[in-house]
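This is what each chain is made of:
4 protein chains.
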Amino acid sequence: MGEWIGRGRKARRAYGFDEIAIVPGALTINPDEVDSSWELGGKRYEIPIIAAAMDGVVDPNFAILMGKLGGLAILNLEGVWMRYDDPTDILKEIAQATPERATELVQMLYLPPVREDLIARRISEIRAAGVSPIVSAIPQKAERCAAIAEEAGCEVFVVQSTVSTVRHIASAYKTLDLEHLIKGTKMKVMIGNCVSYETALELMECKPAAVIIGIGPGAACTSRGVLGIGVPQVTATVDGAAARDKFYTRTGVYVPIITDGGMNVGGDICKAFASGADAVIVGSAFAKAEEAPGGGFHWGMATPHANLPRGTRIRVGTSGTLEEILYGPAHLDDGSQNLIGALRTCMGSVGAQTIRELQRVEVCIAPAIKTEGKLFQKAQRIGMGK
Amino acid sequence: MGEWIGRGRKARRAYGFDEIAIVPGALTINPDEVDSSWELGGKRYEIPIIAAAMDGVVDPNFAILMGKLGGLAILNLEGVWMRYDDPTDILKEIAQATPERATELVQMLYLPPVREDLIARRISEIRAAGVSPIVSAIPQKAERCAAIAEEAGCEVFVVQSTVSTVRHIASAYKTLDLEHLIKGTKMKVMIGNCVSYETALELMECKPAAVIIGIGPGAACTSRGVLGIGVPQVTATVDGAAARDKFYTRTGVYVPIITDGGMNVGGDICKAFASGADAVIVGSAFAKAEEAPGGGFHWGMATPHANLPRGTRIRVGTSGTLEEILYGPAHLDDGSQNLIGALRTCMGSVGAQTIRELQRVEVCIAPAIKTEGKLFQKAQRIGMGK
Amino acid sequence: MGEWIGRGRKARRAYGFDEIAIVPGALTINPDEVDSSWELGGKRYEIPIIAAAMDGVVDPNFAILMGKLGGLAILNLEGVWMRYDDPTDILKEIAQATPERATELVQMLYLPPVREDLIARRISEIRAAGVSPIVSAIPQKAERCAAIAEEAGCEVFVVQSTVSTVRHIASAYKTLDLEHLIKGTKMKVMIGNCVSYETALELMECKPAAVIIGIGPGAACTSRGVLGIGVPQVTATVDGAAARDKFYTRTGVYVPIITDGGMNVGGDICKAFASGADAVIVGSAFAKAEEAPGGGFHWGMATPHANLPRGTRIRVGTSGTLEEILYGPAHLDDGSQNLIGALRTCMGSVGAQTIRELQRVEVCIAPAIKTEGKLFQKAQRIGMGK
Amino acid sequence: MGEWIGRGRKARRAYGFDEIAIVPGALTINPDEVDSSWELGGKRYEIPIIAAAMDGVVDPNFAILMGKLGGLAILNLEGVWMRYDDPTDILKEIAQATPERATELVQMLYLPPVREDLIARRISEIRAAGVSPIVSAIPQKAERCAAIAEEAGCEVFVVQSTVSTVRHIASAYKTLDLEHLIKGTKMKVMIGNCVSYETALELMECKPAAVIIGIGPGAACTSRGVLGIGVPQVTATVDGAAARDKFYTRTGVYVPIITDGGMNVGGDICKAFASGADAVIVGSAFAKAEEAPGGGFHWGMATPHANLPRGTRIRVGTSGTLEEILYGPAHLDDGSQNLIGALRTCMGSVGAQTIRELQRVEVCIAPAIKTEGKLFQKAQRIGMGK
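Chains as they are written, first to last, in the numbering used here: chain A, 510 to 895; chain B, 510 to 895; chain C, 510 to 895; chain D, 510 to 895.
Some clues are possibly wrong.
Just so you know, same-sequence chains aren't split out, so a pair can sit in one copy or run between any two.
Said to hold, decoys possible - Simulated pairs of lysine to aspartate or glutamate, EDC-like, Cα-Cα distance not exceeding 20 Å: (1) K650 <-> D598; (2) K755 <-> E613; (3) K683 <-> D843; (4) K683 <-> E542; (5) K519 <-> E866; (6) K650 <-> D843; (7) K716 <-> E659.
These are calculated hints, taken from the structure and not from any lab test.
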């Protein structure tokens with residue numbers, strides 16, 4: 510398995526969403542009669558699309574709204590809501606910065622330290638609205654944050670970094686004992702990100718509620734350019750799904766995998782499920798919601814890194830309400846609205862009754878259609894033509 | 510057969526028109542002496558290029574003109590001509606809308622219900638001109654529409670949806686019994702669209718007059734983006750042709766396959782035949798005709814979908830008469846005019862006496878030529894340069 | 510050999526110049542000490558780069574100049590110099606036409622019939638300057654033109670059409686008997702174009718002086734778009750070279766192959782030789798010469814086709830004298846000048862003493878470098894940036 | 510090994526940086542605790558990134574600064590500092606030239622001959638600042654230059670040309686005896702460039718301190734376009750590393766390989782090491798330093814070639830100090846700053862303790878992400894949009 514890339518060395522070809530398409534077969538189902546729910550730690554959720562732990566996407570209000578619509582949204586414990594009593598003006602300032610200034614400004618605005626009182630306060634605000642909060646922490650701070658979050662009443666806790674592994678070497682600080690963290694809490698713990706079969710299996714051994722898949726593919730992420738690392742998401746998801754199935758066969762425990770990053774339109778989300786995902790984490794699609802705190806802008810949580818920023822603030826614009834983005838009616842035909850409707854229509858078109866069936870549908874390798882023509886049309890739309 | 514796309518999973522590489530080229534061999538024929546006709550349900554047609562059931566392409570007048578020129582044009586029974594007594598102003602309004610407003614406007618203008626009296630009236634109008642009408646209905650309405658169409662004197666009836674299968678699961682409504690429909694009518698029934706060998710075979714078991722091949726490749730179609738589904742047309746056509754040949758070997762019945770979508774220029778049409786098609790359905794090439802009702806615009810019939818629009822209104826411009834587009838003389842060198850002349854010249858260049866011989870000519874996998882240069886030239890033409 | 514493009518059908522992957530690169534090895538040679546000459550019909554020519562039979566490239570004056578510089582230029586017997594006593598104004602008119610009008614204008618200006626007296630006169634003009642003329646005719650007129658050309662003193666005669674084969678079926682007109690033509694003349698006859706091994710072998714059986722390889726790859730040619738036919742030039746040349754070598758092994762007769770079309774820069778020319786060519790025919794590179802009759806414009810000889818034009822008039826600009834384009838000094842670094850210097854430097858870099866050695870050098874499949882970046886730079890240059 | 514590119518001929522697929530990505534595994538390391546140093550001729554250097562021998566990148570001052578920061582910078586003995594007493598105005602003139610004029614101007618400004626007194630003076634200037642100078646000469650002048658350089662106190666000497674081999678055929682001049690040169694000097698001699706396994710092995714037999722890998726991939730280099738030669742850098746580096754390992758196994762001597770060219774961002778540099786490099790030579794990234802002599806411009810050393818220029822003067826802009834480019838803090842997120850930080854973070858992310866471990870990390874073949882989107886964004890940035 511793999512192609513020769515030089516003398517004595519092979520590399521595997523990995524695939525991204527742009528390179529595959531889902532193949533309809535001999536059975537179709539009425540889209541209104543398919544089941545697109547999924548299960549996390551014994552609880553069933555209607556919406557398998559989770560809002561990403563990014564400051565331009567999720568704030569306490571957005572988390573509340575998402576919860577009321579039947580979905581999940583992750584609040585980032587490294588974000589501005591943990592650094593400022595009221596970050597509303599901060600967010601506006603980021604949105605108004607020129608592209609040239611944006612990275613430096615984000616770096617500066619994330620300098621104030623994270624405050625533990627604010628962590629507890631944000632969680633309480635969400636709970637007070639009747640929604641179960643989900644928060645994310647980086648591995649170095651996971652133990653401390655988990656204690657605060659659990660006390661504040663969190664049910665789901667996310668440990669997330671660009672690359673997370675069970676085995677981490679460091680002498681300058683105490684490394685996270687993931688297994689210990691999970692054992693010591695009643696919260697369901699999601700862990701990520703990772704991309705390989707072996708790493709996913711090692712993470713599953715720690716008994717997380719879910720494993721997050723994805724390194725380097727996101728629109729607001731420049732890991733591929735800055736660090737050279739990353740695996741295209743279709744292959745990463747297929748590998749993660751193989752680990753999940755292997756782990757299930759061996760232990761009887763089903764650890765769902767959540768594909769995170771690189772999905773821009775409904776079609777990409779459908780392809781992630783067809784590649785084996787149980788749920789997906791989406792950033793930019795939700796950043797376009799009227800209720801998103803970024804005001805039409807979106808940036809990766811590695812953007813503020815003081816010494817080596819690895820994210821871009823990108824303009825996504827505002828296209829409709831969160832409800833329209835999730836359930837329609839869509840007023841755009843570009844796949845950015847009515848994501849659940851698109852998912853269900855896809856399931857109907859390929860005869861998949863459930864997400865688990867969608868995971869096994871046939872896909873083909875298919876080059877992106879008419880890149881040239883589409884680019885040309887875009888160029889016209891932004892005014893390059895007359 | 511297939512490439513590994515991840516651990517334990519293979520996917521087949523599928524090809525589109527941009528990726529192949531027809532290989533001339535050791536025999537050539539005078540283009541004036543080849544035969545480009547095809548047969549549908551026992552009747553021979555001179556032109557194997559059918560105008561698509563799209564409101565920007567076919568109205569009753571266009572259908573009449575096409576019939577007089579020796580070809581076929583499909584009138585869509587879900588279109589504006591079934592919703593309005595006189596949709597002329599409606600079509601103008603769509604053509605005049607800004608790109609931003611177009612999708613929403615189309616959604617709104619398709620809200621008035623389809624009227625059965627108009628269906629009958631349009632069919633009669635075409636018959637009155639001495640042309641045999643062809644109409645298309647969606648599966649849910651096929652039985653009712655077929656009854657009206659047959660009574661109104663239709664000879665060819667098309668059942669068409671994005672993805673059509675013999676087996677459809679729905680409890681909310683009665684599903685179409687395709688075999689029953691075909692048995693119960695004297696009309697020739699064309700059914701589609703589908704893309705896989707198995708599905709094509711199952712559809713052929715119902716004894717249609719033809720099977721339509723193609724999901725997701727059209728210029729005005731965004732199924733790939735919105736739903737993630739689709740198969741590039743060369744592979745879909747090769748698979749459909751394999752099903753046709755298999756069905757013929759087994760039953761002695763030759764069910765022609767019609768490739769629908771994704772052909773922009775004469776070369777694409779030639780490649781569809783070289784991939785195995787008996788006829789092709791073309792939209793945007795005919796939308797450029799002076800006689801096309803779209804006034805230089807073109808939109809997919811999934812565009813009006815109220816909740817999940819999956820088509821784009823695209824500007825194609827008006828480049829000549831339908832007669833010029835079919836038979837020349839061409840005044841443009843871009844392959845958009847004199848489609849029959851191009852087909853015949855291609856047949857002569859590769860030594861194919863008939864469409865059936867063209868179906869077996871050698872093709873090679875060949876990347877699109879100089880994408881960069883062409884894009885660059887286009888950019889210059891639209892005024893990006895000086 | 511080949512990839513599956515669908516059920517039961519394989520196609521060969523063919524390669525173009527943009528997809529390969531020449532691999533330097535363990536030997537290098539001083540470029541001043543390599544031999545870049547080639548042999549046609551027993552006569553040795555210093556320059557293996559022939560100017561194409563296109564009206565924007567070669568007129569009698571250009572043919573004379575090229576001959577004096579040691580090279581070959583083909584004058585097209587279907588061109589304006591055979592239709593007008595003095596076509597100077599005609600050529601100016603073509604150069605001044607707007608892009609929109611160009612094809613139609615070229616169609617119109619080629620309507621006056623070819624005059625046999627002018628054929629003889631042009632050949633005499635070239636001979637009078639002490640240069641041996643080369644002219645090209647289409648197969649239908651080859652016998653008549655050959656008689657005139659031979660009488661007027663031609664030594665090399667080219668029979669050329671988009672697709673030429675030994676076997677041609679036509680009842681409306683008498684087909685060319687190539688073998689008879691060649692036997693009946695003392696001129697060296699070059700024949701083309703073709704792309705497959707079998708066709709090249711069949712043509713070689715007729716004992717031509719050379720076989721011309723190339724269908725569909727040229728910059729001013731739109732056969733791929735209009736007719737769908739063509740084979741990328743690297744594969745076409747490798748196949749043609751295989752036919753040449755096979756024919757030589759079998760008969761002891763070495764029929765050189767000449768790669769025609771698709772070479773834009775020195776690097777492409779070097780790659781054509783590395784693919785097996787004995788000589789190359791180049792159009793647009795010479796159309797940039799100050800002495801070229803097109804005045805910075807260039808069009809394919811299928812452009813004037815009245816009913817199905819298959820060529821584009823493209824703007825190439827004027828960049829230097831023919832001598833600079835052939836021998837330098839180059840004032841541009843884009844590979845368009847000092848083509849012979851580039852060829853010799855390439856030969857030195859890869860340790861090829863002769864063209865025959867260059868034909869056997871290693872090549873690798875290498876994607877075009879930084880397409881995006883280059884396109885971006887071009888965009889900047891034409892003024893899209895500030 | 511290889512694909513068929515035509516009848517009877519295979520070619521190897523070669524890969525570039527844009528086509529691979531590094532795959533994180535099951536182990537991670539604190540980036541502050543990895544070791545990114547390398548060894549050249551028994552001496553250990555902290556920075557494995559060398560500034561290229563190009564006049565827009567390295568002058569005596571830049572060499573001094575680089576040395577003080579712990580790195581290496583190569584001063585070109587064919588450059589303007591060897592032709593002019595004070596080339597400051599010359600460099601300004603190049604920076605101020607219009608793109609159209611740049612190549613010709615560079616050709617003209619490099620006409621004054623190289624002066625031996627200036628070679629010695631520049632080396633002394635660098636030594637006087639307490640930094641060990643590195644200089645590069647072309648093979649034809651290597652013996653004479655080496656003598657001057659050694660006398661002036663150089664420790665490292667580079668023999669560099671586009672394509673360097675042990676075996677060179679020339680009767681017009683005396684060819685370099687590389688083995689003799691290396692035996693006769695106490696300086697450590699680096700030799701290049703080359704791309705194949707066999708050539709690298711032959712060069713290693715001459716006992717150089719290092720072999721430089723890379724033909725044709727650089728941003729300021731047009732060898733691929735002008736000469737058609739080149740091998741994408743990932744494959745070239747993998748092959749070079751295979752030669753190094755083979756040579757080490759056979760002789761016990763470890764000759765480091767240095768990948769030169771084509772690395773634009775931190776991610777590319779990381780991929781070069783993951784492909785097997787011991788160090789890298791970088792041009793355009795350093796040309797962006799405030800201290801770089803090119804003033805935001807950059808040109809290849811083949812650009813001045815009088816008869817066949819093969820380099821482009823490209824605008825890279827000025828983005829920060831050399832220290833920021835090497836060590837951060839980065840103010841841009843595009844991978845052009847904090848190269849050492851990026852390398853160390855990559856090493857941590859993939860669990861590589863040393864460069865030698867990074868050489869063996871898994872890579873996958875991964876197409877460039879979202880070319881279309883990125884081009885689109887770039888287009889917007891340069892003002893094509895509103």
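Q: Enumerate the violated hints, using their earlier numbering and listing them in ascending order.
A: 1, 2, 3 and 6
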